[in-house]
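Colleague: The whole structure should be built from the sequences, with the hints applied where relevant.
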Amino acid sequence: MEIGIKELAQGIDTVWVLLCAALVFFMEAGFAFLEAGFVRAKNSLNIVMKVFVDSTLGMLSFWAVGFGVMYGLDKAGIFGVSGFFLGGDLGHIDLRIPTYAFWLFQAAFAMAVASIISGAVAERMKFGAYMIFTIICTAIIYPVAGHWIWGSGGWLAEMGMLDFAGSAAVHAVGGMAALAAVLVLGPRNGKYNSDGTMNVIPAHNMHLAFLGTFILWVGWFGFNPGSALSGLDMNIARIAVTTNLAAATGGMTGILFTMWRYGKADPSMAANGALAGLAAITAGTAFVGPGSAVVIGMVAGVLVVLAVELFDRIKADDPVGAIAVHGVCGIWGTLAVGLFAAEGGLFFGGGIQLLSVQALGITAVSLWAFGTTFAVFTVLKKTIGIRVSAHEELEGMDLVEHGIPAYNELVTGSVLEKGIGGEHVLKDMSNPVVNAKPVKQ
Amino acid sequence: MEIGIKELAQGIDTVWVLLCAALVFFMEAGFAFLEAGFVRAKNSLNIVMKVFVDSTLGMLSFWAVGFGVMYGLDKAGIFGVSGFFLGGDLGHIDLRIPTYAFWLFQAAFAMAVASIISGAVAERMKFGAYMIFTIICTAIIYPVAGHWIWGSGGWLAEMGMLDFAGSAAVHAVGGMAALAAVLVLGPRNGKYNSDGTMNVIPAHNMHLAFLGTFILWVGWFGFNPGSALSGLDMNIARIAVTTNLAAATGGMTGILFTMWRYGKADPSMAANGALAGLAAITAGTAFVGPGSAVVIGMVAGVLVVLAVELFDRIKADDPVGAIAVHGVCGIWGTLAVGLFAAEGGLFFGGGIQLLSVQALGITAVSLWAFGTTFAVFTVLKKTIGIRVSAHEELEGMDLVEHGIPAYNELVTGSVLEKGIGGEHVLKDMSNPVVNAKPVKQ
Amino acid sequence: MEIGIKELAQGIDTVWVLLCAALVFFMEAGFAFLEAGFVRAKNSLNIVMKVFVDSTLGMLSFWAVGFGVMYGLDKAGIFGVSGFFLGGDLGHIDLRIPTYAFWLFQAAFAMAVASIISGAVAERMKFGAYMIFTIICTAIIYPVAGHWIWGSGGWLAEMGMLDFAGSAAVHAVGGMAALAAVLVLGPRNGKYNSDGTMNVIPAHNMHLAFLGTFILWVGWFGFNPGSALSGLDMNIARIAVTTNLAAATGGMTGILFTMWRYGKADPSMAANGALAGLAAITAGTAFVGPGSAVVIGMVAGVLVVLAVELFDRIKADDPVGAIAVHGVCGIWGTLAVGLFAAEGGLFFGGGIQLLSVQALGITAVSLWAFGTTFAVFTVLKKTIGIRVSAHEELEGMDLVEHGIPAYNELVTGSVLEKGIGGEHVLKDMSNPVVNAKPVKQ
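Residue numbers (my numbering), protein chains in the order written: chain A, 261 to 701; chain B, 261 to 701; chain C, 261 to 701.
Please note that a few of the clues may not be correct.
The list treats identical chains as one, so a pair stands whether inside a single copy or across any two.
Stated by the list, open to error - Listed below are the simulated BS3-like cross-link pairs for lysine-lysine, each with C-alpha atoms no more than 27 angstroms apart in a straight line: (1) 524 / 575; (2) 575 / 641; (3) 524 / 641; (4) 642 / 524; (5) 642 / 335; (6) 451 / 642; (7) 641 / 451; (8) 335 / 266; (9) 451 / 266; (10) 451 / 575.
No wet-lab data here; the hints were simulated from the structure.
Modeller: If you want it as structure tokens, here you go:
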């Protein structure tokens, strides 16, 4: 092969996208351990298995159907109709990199959407029903919303909506689907008391949760800058910086806000604050400056704390805070583009045109994700069932669905004798009601 | 320095290979935690230390001797004789990248071979004997097989054998060496009963095992596409896609096949299924299409379940399933090139020429790896000894070999009161006989 | 955009630096889990939170102030005065990559310095005081030392000091700051007995510690080669090789030296040996050959064992060995450049000119880091206080500072009934005095 400028440019872009795809795929490990750490030990292997379903069945579903729906030849601005099984006409995707490289990067995004939802439905959803939902999510729900925003001919793309790496397409879609899912599924037994009070069901292993958080953050070095699809676009450096500054600010705000509000730096909110900053900056990362990124992350760090409290109050029981992190802060980030974009943002003299399009777009994809997930979960509930029995929930998903515990030799049982404020916690962790710690609202 | 096309091409390739080398080196962490999670707590630090020996002593042994044997000037097609200590004549290796970059990438492969074997001999092999074996494995056993297939002038290379990234050279060699090792070493005490029945000795920490699995999978983003040694070879995109599709299919098959066979999705088989798909696609990743990759992964996902059962039946006690994953599926993948290669594969009109060469090649390297390992283990057994005493095995390798446990404060002891089917498991995990759960075969 | 040689070169360099920055950022997870594993369970979440403070508040502090101090327009060779908040005049930094990419890579270095110190002060330092110190460390202490060595116009840079990726600027600065910190802070309660004997307070989770070690090692694939700031500098391949060989030799020496000295391969020293080799090679990685790297790593592997013993004897209580690894071996590595540099090193005919400069430079930055940290800690001690109360130390930092334990369900308490030599260890891990194991000195 004769090597010239064209081949070199293609090489740089392909190296970049493939390595970024590896980072984004690594996020599956991040989701798995973040979610496993936040739930109880008895359900923690099941949640890893569900994320593993996203990584395997989800990838295959996106290969067979999802990619074609998302990036295939456009039909009325609504969905794509070519490119199934990586075959057929894909010439309309204007790429310097091989289609295979583009596909792999996109496939890792599709898995991420499914893995946002897995956390919210943890500790009670049937494994088989989850598999079916993952297929539908990666084949239809995410790809249709993605087509609107990123597909050539997508109706929101045509309107000028800006969602660089997916605060809307990935995070808000995942978060709003998660909200619908938990509303149909109902809260975990023992989460809410008959007198209206709520129990905190504590994370069983914060090291796992932080391992997941760090991996997700590292993965975002691929998620956002990789979305430029080119190593020759020097904006990737700005993107990497705004991404990290928003993450840092979100995490810091999570720490400071809980120190101020509760008197102690809350580790869950530190982790979720950083992830909230990341979810929020993802839409605007390529369009805003470092200072705006800091503000966007700071707002996200506060929003996530308030949103977790809000969803608890409305009994949308989300064991890992996925709806708050990805849903609420994905929406915030999408709107923030309309405020902070250096070109077109309201705060930079751009008027409300861009903000209006962003608002319309985020409303559309949120409704789509919420509505379709609500429908799918309702149909699944009325047919094969989506929830394990109360007895199985008490026993734990790991033994019920997989026959083995996550920890075979490490003895489990609550040792948290003194929690915040010194309340006593009952000993038997196998009973979610009594192991939980009552809190005043 | 004046920069032109040549320097740019070299830069792209070097960046690519060095970053892929980092990913492949990361696989050492993957092996360490996969194996640590699958064994009992009392032996779990020792297995991490053995993998650490591969990463340190193994790297140095490959530097001093192995690399020269593998890629040095050819002697009769059998081994190389230059390049020891990264010195001497290496001009015959036709590389655009610096020799140093090539060496580092290859060194990470050599460690991986040793780390395949470490898992199979876990929970009973002496640390000192393991160190000696690692030196021999990375200096001689792997490099000779590697020279045959990848060395310039290697006899299998000359015959046209295709093994892109090492289903044969790395995985089958590691797996067949592991088989020889466990046959000489014998099964763990308590694994098999006098009446011919077998005990399941459960994984002590499935989160560690899945952490290892995810890291290995991410490492394969470097292992296979990096083997192109060039970021300008656009086939790297196809390689990345076939690698991932085979992994996904293998993992999915592990889940579905165990759901069908045992009624529950088995987490160990999900993890090992994905790794089996990866080991299998590694030979053909550059030569087959996505559809073929899916089939190769699917077969691997079934094979690994059957092979684990088979090796248990013949009392080849492999605590982590390394022989099944790397040995059996490495062989399968090597043969699969003869079936599925777009050019020369039997199913694509290529006749049996390529398949014959693949069969000859995989037989040769399997016999070599099995035979030399069998010999080395036998000599070590008759001289310094390869196995800790029964008393030490009961006490656990961590305290015996290293003086500290993996978990100093977390209380260990079986809490699995109800396993699959509800059998009771006795409490004392320090006794491998009584802690194990009898299963009918 | 028209793409030519210039754009391609910039693209390669930017891709390289951004991906290396991701690897260096990943080291934060490495520090977090290395340190968490080495300390007691009851303080292990707090140490992760402190590293998280480095990653968030530390990054923001470096953005606001530190980067300008380090790389801004030079003032008398001592510090920089432009570039705060990534604004102002930075044209004097001669870069082919965007300033944003350079900043992100440097920001990850600043966090690392803070995270070296966090380990040494573990298990007793107040969270709030740690936050303030991190701000000062990443805004002033590290950047000033860094300016001297790496800033354009820095006085040590002008003298010809060679510190390629920071054995002095990062590791010795971090290690010497850590030494000052622990001297002001005092040892953990229960570490030293009134009769002058010392207690070993064992690591609570060696898998976490090795996870951290592997992640740090992988991160060094970015730390050292990335410091070339160019993917077109073919020296990056040599750098990657010398880095890995020193790590391997350090780890191997840690294993062999403890086998010879204590009769058992010590896992902590295996891990710290590899890290010591890495800290030591970091200054000379670009200037020495593979053979020299092996020697540098070997010396580091012995030094770290002796230094850990020494610091224990002088009651500089460092729970993770950070002073020995980063301080002592950072100093060793800086001096080693004067001995082993292919051009200018004493052993390669270069005389003592370079060695003298290295000695002067390492003395200067060590005194700076030690002195400023000593001063800051003393002021903090006399004002807001730096140490939790004895009662809080007994209870554990996790419950006191964050209200939750790292492990909510896994039962903690010592099970190490038989340690090295068979001594009994008392059961109550909540009391550091009685849970510790007396050793003779």
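Colleague: As a check of your reading, is residue 642 near residue 524 (CA-CA no more than 27 angstroms) within one copy, between copies, both or neither?
Modeller: between (44 angstroms within a copy, 23 angstroms between copies)
Colleague: Within, between, both or neither: how does the pair residue 641, residue 451 come out at a Cα-Cα threshold of 27 angstroms?
Modeller: within (21 angstroms within a copy, 43 angstroms between copies)
Colleague: Should residue 451 paired with residue 575 be assigned to within, between, both, or neither, using CA atoms and 27 angstroms as the limit?
Modeller: Close inside one copy (9 angstroms), not across copies (48 angstroms); limit 27 angstroms.
Colleague: Evaluate residue 524 and residue 641 at a C-alpha cut-off of 27 angstroms and name the case that applies: within, between, both or neither.
Modeller: For residue 524 and residue 641, the Cα distance is within 27 angstroms only across copies (21 angstroms; inside one copy 41 angstroms).
Colleague: At 27 angstroms max between alpha carbons, let me know whether residue 451 reaches residue 266 within a copy, between copies, both or neither.
Modeller: neither (59 angstroms within a copy, 60 angstroms between copies)
Colleague: At 27 angstroms max between alpha carbons, let me know whether residue 575 reaches residue 641 within a copy, between copies, both or neither.
Modeller: within (19 angstroms within a copy, 46 angstroms between copies)
Colleague: Under a CA distance limit of 27 angstroms, which applies to residue 642 and residue 335: within one copy, between copies, both, or neither?
Modeller: neither (32 angstroms within a copy, 71 angstroms between copies)
Colleague: If the cut is 27 angstroms between Cα atoms, do residue 451 and residue 642 qualify within a copy, between copies, both or neither?
Modeller: For residue 451 and residue 642, only the intra-copy Cα distance (24 angstroms) is at most 27 angstroms; the inter-copy one is 45 angstroms.
Colleague: 27 angstroms Cα cut-off: does residue 524 pair with residue 575 within a copy, between copies, both or neither?
Modeller: within (25 angstroms within a copy, 31 angstroms between copies)
Colleague: Should residue 335 paired with residue 266 be assigned to within, between, both, or neither, using CA atoms and 27 angstroms as the limit?
Modeller: So residue 335 and residue 266 fail the 27 angstroms test inside a copy (32 angstroms) and across (41 angstroms) alike.
The structure fails hints 5, 8, 9 (numbered hints given earlier, in ascending order).
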